[in-house]
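Participant: Build the full structure now, drawing on both the sequences and the hints.
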Amino acid sequence: MAGEKQVVFRVRRYQPQGTKGPYYQDFRVPYRDDEVVLDGLNYIKDHLDPTLTFRWSCRMGICGSC
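Whatever position you read off the sequence shown (first residue = 1), add 94 for the numbering used here.
If you're looking for bench data, these hints aren't it; they were derived computationally from the structure.
Computed from a predicted model, the values in this text were never measured in an experiment.
From the three backbone atoms N, C-alpha and C, an ideal C-beta is built for every residue, glycine too.
There are no misleading hints in this set.
Simulated restraints, written as ranges between beta carbons of each label pair:
1) 113 / 152: 32 to 38 Å
2) 128 / 102: 17 to 23 Å
3) 149 / 115: 17 to 23 Å
4) 152 / 97: 30 to 36 Å
5) 127 / 107: 27 to 33 Å
6) 97 / 149: 32 to 38 Å
Facilitator: Printed below as a string of structure tokens:
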């Protein structure tokens, strides 16, 4: 990622079954001008931390979220 524009995502994490309370975790994500926050979250999940989960609505009408 050297030479690329980057943005830092600060994500609040919490595992109810864990021993510690909520905490923040930072992720450095490559950034392009045409990207949105959802692109960054998907990058984190796909490339940096597969344990990251989040709910989103793609407006495709498949899962019922929208």
